[in-house]
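Residue numbers (the working numbering), protein chains in the order written: chain A, 1 to 216; chain B, 217 to 386.
To be clear, the hints were calculated from the coordinates, so they are not data collected in a lab.
There could be a bad hint or two in this list.
[Said to hold, decoys possible] Here are the computed lysine-lysine pairs in the DSS-like style, where the Cα-Cα straight-line distance is at most 25 Å:
(1) 332/B - 20/A
(2) 384/B - 62/A
(3) 89/A - 303/B
(4) 89/A - 321/B
(5) 86/A - 376/B
(6) 376/B - 67/A
(7) 20/A - 386/B
(8) 332/B - 89/A
(9) 337/B - 67/A
(10) 86/A - 252/B
(11) 332/B - 26/A
(12) 321/B - 19/A
(13) 337/B - 82/A
(14) 86/A - 250/B
(15) 321/B - 72/A
(16) 240/B - 86/A
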Amino acid sequence: MQDYKDLSSYINSKIEDIKKEILSNKISLLDLELNPIFQDLKNSINIYNINKYSELYKETFKLLNQKFEELKRILLSIDNQKNFIKYLKSNPVDSELAQLLTECWIDVFYSDCMSYNFLEYSRDRFCKKNIASTELEHLEKSILTKEFLLEFPKRKFTEKLMIYFELIKNKLPCKFNDIFEDENDQIKIYEHFVYILHLLQLGKIKYHKETESLYL
Amino acid sequence: MNEISILMHILSRKEDLYRIGATKDEILATLNIKNKNKSIYFQNLIINLANYVEPLGIQIRFNPLDSHWFISFDPELSDIISAYPFKSQPSLAATLFCILIYCIKNSGYVSVQDIKNIRKKENIYDDLRELRKKGYIIIHKDVNQIQLTPLIGYHLDINKLFTKLALKLK
């Protein structure tokens, strides 16, 4: 039976933790990734937990909606320069302003003596797929300690068939079972039986059904 | 040499103390692009270049203060702390911050008096001289006004700064 996952209690506690942290101003919804929760929900939903999960979906969507609302508010306030001036007039400490600058600082790349060769070499190394040629190695033939199961026959089938025919020719006519009486090996009996069938097919020997005997 | 090499060259060159890279028109002229779809071509060019150089840890950026395209190191991969010029000078950074906010509010200019009032510092002129030396501002002594140079637009992600500030003030 397939093992069905149920992450409902785990996801529920995660949502509760997020709510607590937001209410206590520890985190902002805008800094929070909701994707992992939606992924967990998607990957573990099944017919057995669908009732619990529908509630969890609702709760997670509430967080998502709230996040959109936060984003809307931020976008509206970005243009509000009066607020920025008001903030500066509130005498923030220098380190606070310096920290904001540090977080948004960009390290500019400029060079008046760029090496195109090195650039292209780097680009090729980093951006292209590794297509190094693969060398084909010859396989080493292993040494067999036992006889190979599908041993290649030393003689052709027709040759072996005729040798067997010569062998039994002098015994005929005889009962079908008597042909195999000296043979104990089952594989050999099967092999000889196949020869008999072929010899019958070729008309070299004949079979008398009533007496169950073979004859020439 | 192909478009990538030419773009890398013109976007990484320093024209003068305040200008790095090239404008859209300069890029199109250098590549001799004159057809009517040149804007679409330009957009694709920038996107392709950005994708191309991303594995090298560099990014293509736009400076809204002087409409120049330029190249920067990926902030996640570069050592911002060592590139940051105000490491042990938070006061200088704070003065630049105030000038930036006021200049954006007043369409590019701010009076020295306004900065003096907001900073509440005796030796504000030391900060201004230092910022001028670093190339971030021009002081117009005749009208006692300060103007930002485009340099800050290269070194500061202004959109990110405003978003962070808005988040802080919400």
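Hint check results:
| no. | hint | verdict |
| --- | --- | --- |
| 1 | 332/B - 20/A | violated (43 Å) |
| 2 | 384/B - 62/A | holds (23 Å) |
| 3 | 89/A - 303/B | holds (24 Å) |
| 4 | 89/A - 321/B | holds (14 Å) |
| 5 | 86/A - 376/B | holds (19 Å) |
| 6 | 376/B - 67/A | holds (18 Å) |
| 7 | 20/A - 386/B | holds (19 Å) |
| 8 | 332/B - 89/A | holds (12 Å) |
| 9 | 337/B - 67/A | violated (40 Å) |
| 10 | 86/A - 252/B | violated (47 Å) |
| 11 | 332/B - 26/A | violated (35 Å) |
| 12 | 321/B - 19/A | violated (37 Å) |
| 13 | 337/B - 82/A | holds (22 Å) |
| 14 | 86/A - 250/B | violated (48 Å) |
| 15 | 321/B - 72/A | holds (22 Å) |
| 16 | 240/B - 86/A | violated (37 Å) |
Of the numbered hints listed earlier, those contradicted by the structure are 1, 9, 10, 11, 12, 14 and 16.
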